[in-house]
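**Student:** Please construct the entire structure, taking both the sequences and the accompanying hints into account.
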Amino acid sequence: MRQNPTQDWSWLGWVLVTAGILTYYSSVSSPFVFSDVQEVKDLEGLSGDASQYWRQIKVSNRPVLMLSFVLNFVIGGNDPRGYHLFNLAIHLLAAITLFGVIRQTIPRIPLSQDTQRSATTFAFCVSLLWLVHPLQTESVTYIYQRSESMAGLSILLSIYCLIRSVRGRRWLWYALALFASIMGMATKEVALVIPVLLIAYDYVFLSRDRRTPFRLYGAISAVGVVVFGALTLHLLFDDQSSVGFGARTASALNYGMTQPAVILHYLRLALWPSPLCLDYAWPLTTSLSATLPFFAVILGLLGLTAYFMKRRSWLGFIGTWFFVILAPSSSFVPIMAPAAEHRMYLPLAAVIVVAGAAVQTALRHLGRREKLGAKLLIVSGMAILLATMTVRRNADYRSLETIWGTVVAVAPHNSRGHFNLANSLVRRGKREEAVAHFEQAAELQPNDAEALIRCAGLLFGLSRFEEAASYFRAAVKVWPESVRAHCGLGSSLVQVSDIDGAMEQFAIARKLNPDSPVALEGVARCLALHPDPARVNGAESLRLAARAAELTGSRNIRILETLALGYSLTGQAESAFDTVETILALSPKDRPRYLNLLDAYRKQRPSVLEPSAR
523 MRQNPTQDWS WLGWVLVTAG ILTYYSSVSS PFVFSDVQEV KDLEGLSGDA
573 SQYWRQIKVS NRPVLMLSFV LNFVIGGNDP RGYHLFNLAI HLLAAITLFG
623 VIRQTIPRIP LSQDTQRSAT TFAFCVSLLW LVHPLQTESV TYIYQRSESM
673 AGLSILLSIY CLIRSVRGRR WLWYALALFA SIMGMATKEV ALVIPVLLIA
723 YDYVFLSRDR RTPFRLYGAI SAVGVVVFGA LTLHLLFDDQ SSVGFGARTA
773 SALNYGMTQP AVILHYLRLA LWPSPLCLDY AWPLTTSLSA TLPFFAVILG
823 LLGLTAYFMK RRSWLGFIGT WFFVILAPSS SFVPIMAPAA EHRMYLPLAA
873 VIVVAGAAVQ TALRHLGRRE KLGAKLLIVS GMAILLATMT VRRNADYRSL
923 ETIWGTVVAV APHNSRGHFN LANSLVRRGK REEAVAHFEQ AAELQPNDAE
973 ALIRCAGLLF GLSRFEEAAS YFRAAVKVWP ESVRAHCGLG SSLVQVSDID
1023 GAMEQFAIAR KLNPDSPVAL EGVARCLALH PDPARVNGAE SLRLAARAAE
1073 LTGSRNIRIL ETLALGYSLT GQAESAFDTV ETILALSPKD RPRYLNLLDA
1123 YRKQRPSVLE PSAR
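523 is the number of the first residue of the sequence shown in the working numbering; add one for each residue after it.
What the hints contain is simulated information worked out from the structure, not anything from laboratory work.
A couple of the hints might just be wrong.
Cut-off 27 Å, straight-line C-alpha distance, at most; resulting in silico cross-link-like pairs (DSSO-like, lysine-lysine) [as the list claims (entries may be wrong)]: (1) K897 to K952; (2) K580 to K563; (3) K1111 to K952; (4) K563 to K832.
**Tutor:** And the structure:
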């Protein structure tokens, strides 16, 4: 198929945009997940003052990414649709830029006349398949991972500007390349590889025709050093960080031994993207023998890359593109998540280019008529298949329950997956199902105090007090400084009539936090309900309950119940009556439960309210 180099091919860009919108349209209303929730909560906590937003941007180690979240929040608040539309727009721009880069690159490769004439078709097919590939959903539908797509767009723009600089207005395109590099580096650390990619591209495709622009590469490298030093370097040695040598998640050796298998898994997903997983919790490799087969394959691929780079072959640049972009996350620098699909955002393009070239080579032996028809059939079929799989994957993001359900289905060893699935089930009112996943999370990660506390709290709400006490005890052992764990254990012990044990737990909680309303109410209730009449202390119970009510603004029903009990025990029936009226105003549906109590207080007869399981 002959192609006129002067022909306007911009309509293909609109085809890409249309394909992207049709593929991702159903994901626009998907809720916030995982890190998205915290980002929006942090912004909601600000007063709306521009100076606070600016402060939030300045303290971030990814200021451009944070700026995008601030703009989304200022425009649309916590409505996820605006965030999803922004992500989709970035992805569409990246696909169009990739199309431009490939189309401008093919004429610089010594290929057959037929291949050169079909450069635009080949570039469009690669960009289309890359655009609709299901492996991209984590970078597009998972809002926080716009960091990957934004950085990816910056990398593509930098290379495109370098290519265009050859055709004129050199310094303008150099300036634009520098600007794109700065924006990418301030978005995500992966963009720090831009100077390496520009030099590799120049070496393979451009330097034979003109002088190498060392000033441009030097400027971009200098910016990279400054950005790395200012935004990233301290994270590598911070023991509170989830990335770097100070992270407690993994040693550099174990992380490095894990990555060969992870990279090969990425390649497998690029060829057949199923099943996909938002959070792999990939187990670390600790045995050298276990990693050797994977390492041998990766070493072979690296050797081929070096060989083709030496020959200035396009295959050398493709291999460099793949490995260099993965290097920040798939080397020996530990990251909390050893595997994540969004890291394949740009490396995926390398796989599709090689696969497309292989298909084109295989079809070269066919006649012209058969070749054109075969190309259209293959690309159309693949695009429809991949887009359909992407739509189905986006359906998993439509609720927290479904997305975390896929996580535990693919990675049943992932305690975080079970924990988040349990939380989503609680929100849907499926408490019994949630208990099972909380228990699984606690079993997989016995030192996860939060999972233990959440599981215990849910069991308490289901009136399974003995089991709740067991999980709270485990949480206390793991996290002895947790006021919540001690108070939860105390409340559970009250329900099984172990008042002395409960008082001990509440006393510990009060030492940790003297103004804990839950601890104050717990001690007050124990003093009121103690089975030994000699240890009942109505006055002290009333004092502690009154303090707890004051701290909660008299809005906590359980605390108000205990306050009414204290008034009753001290003979202040009228005050007890008023307190119950306050409870009814807060929760009118509970009126039947308090009718007898109200009647007793009207007649000014002391009455003891039975403890509730609130």
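**Student:** Now, for every hint given, state plainly whether the structure supports it.
**Tutor:** We went through each hint and held it up to the structure:
no.: 1; hint: K897 to K952; in the structure: violated, 50 Å
no.: 2; hint: K580 to K563; in the structure: holds, 18 Å
no.: 3; hint: K1111 to K952; in the structure: holds, 22 Å
no.: 4; hint: K563 to K832; in the structure: violated, 50 Å
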